[in-house]
Every structure is written in C-alpha cells, then in structure tokens.
Amino acid sequence: MPYFLDHLVVCASNLDQGRLWVEGLLDVPFEKRGVHDLMGTHNHLVALDKDAYFEVIAIDPAAPKLPHARWFDLDNFGGPPKLSNWVVRCDDLEEAWERAPATVGRIMSFERGEYAWRMLVPEDGKPLFDGCFPTLIEWQSKHPAPALTHRDLRLRRLKLTHPNATELRAALAPFVQAMEHVSIGEGAQASLQAEIGSASGEIWIA
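Numbering follows the UniProt record's numbering, with no gaps: position 28 of the sequence shown is 28.
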C-alpha cells in the first residue's frame with residue numbers, strides 16, 4: 001500500500017497568532033478558518049506542492065469541554081507557534097495501524113462540510129516520538145488540497161531530530177514511501193524542521 005506526505009502541522013496557543021506567524025515566514029495568505037467539533041479545535045490551511053498542505057491549528061476557545069484528549073497534544077501546548085507534527089496519507093488505515101507501533105492510537109472518524117476522513121489518534125493525544133512519528137490519515141472523501149489556492153510552496157526537506165533516532169527509523173520503516181524529502185538525525189531534544197521553497201526563496205520553519 002502506498003503512503004504519501006499529506007500535510008505539516010503547526011500548533012499554536014492562539015489561532016490568529018499561529019496564522020500570522022506562518023504567513024509572515026512564507027509571505028502567503030492562508031485560507032479561511034475551519035472548525036473540528038469533535039476535537040474542539042480550529043485551523044487554517046495553505047496549499048503545499050500539488051497534493052499536500054500546511055495546517056495551523058489551535059484549541060477553539062468557543063468549544064465545550066471534551067471527554068477525551070485533543071489531537072497533536074494541544075491540551076498541553078504552550079508558548080510560541082511551532083512545527084509539531086506531520087501527517088501521512090494512506091488508503092487503508094487498518095493496515096497502517098497494524099504496521100505502526102502498538103501505542104499509535106485508535107481510529108477516529110471525522111467530518112467537516114464536504115470532507116470526511118479517519119485518523120489514528122493516541123488515547124492521551126500525544127503523537128509518538130514527540131511528533132516525529134507521523135499521524136496517519138485516510139481520506140474518505142476527496143482531498144482538500146486541490147481546492148486550495150496554489151501559492152507556489154514546495155517542501156524541500158523535512159528534518160526529524162530525536163534522542164531515539166534508531167528506534168524512530170525502525171518505526172518509520174514500513175512507511176518509507178512517504179519519506180522522499182524526510183531525513184532523521186539524533187539529537188538531545190526532539191524537533192521538526194521544514195525547508196520550504198517559495199517565490200521569496202528557501203524558508204525554514206521549526
């Protein structure tokens with residue numbers, strides 16, 4: 001089964017703050033705000049390459065208290081916006097779940113307008129390997145990327161750094177098809193860094 005990079009995730013304490021931060025770096029506007037009722041979050045998107053996108057996401061202050069943890073560990077997020085996770089697309093989420101580490105999470109279904117998808121969400125909301133292991137997604141509708149305005153943004157490199165780089169490489173081995181632009185290095189702290197090609201030049205986001 002093929003795997004593809006679906007989108008990059010920037011978490012923020014405040015959605016407008018996050019959007020303005022990334023817009024300032026990329027020098028492009030994001031699309032209008034979207035809402036995820038089941039997770040109590042809201043987001044903005046911008047096209048990345050032809051079939052992927054950048055997402056800025058934050059807790060929606062208007063959302064009610066939830067009985068479960070939010071995705072991307074947003075319940076524990078604080079400080080300035082940062083690139084915190086990446087998402088990999090597949091056609092069979094059950095098969096991907098079997099190939100992923102045992103603690104990758106449970107399958108949850110989502111809908112928003114004309115879009116429907118399923119994702120693997122950890123019970124505690126914390127992505128594996130501090131976000132260096134991707135969240136896995138299966139779209140059950142058309143993909144949103146073609147409907148986004150093309151902004152001439154291209155992913156050059158996604159650098160993953162983690163203290164347990166050897167274990168991370170082993171966990172990612174079944175998903176190597178999604179790693180054309182991904183590299184893994186060992187470091188004292190976990191981090192994600194994306195090099196984005198744009199009309200303004202090469203831009204790093206971390």
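Treat the hints with care, since some could be wrong.
Using 30 Å as the maximum straight-line C-alpha spacing, the simulated DSSO-like pairs for lysine-lysine come out as follows [claimed, not checked]: (1) K142 <-> K50; (2) K159 <-> K50; (3) K142 <-> K82; (4) K82 <-> K126; (5) K65 <-> K159.
FYI, nobody ran anything at the bench for these hints, they're computed from the structure.
These are the hints, each one checked on the structure:
| no. | hint | in the structure |
| --- | --- | --- |
| 1 | K142 <-> K50 | 14 Å, holds |
| 2 | K159 <-> K50 | 21 Å, holds |
| 3 | K142 <-> K82 | 28 Å, holds |
| 4 | K82 <-> K126 | 15 Å, holds |
| 5 | K65 <-> K159 | 35 Å, violated |
Checked against the numbered hints given earlier, this structure breaks only hint 5.
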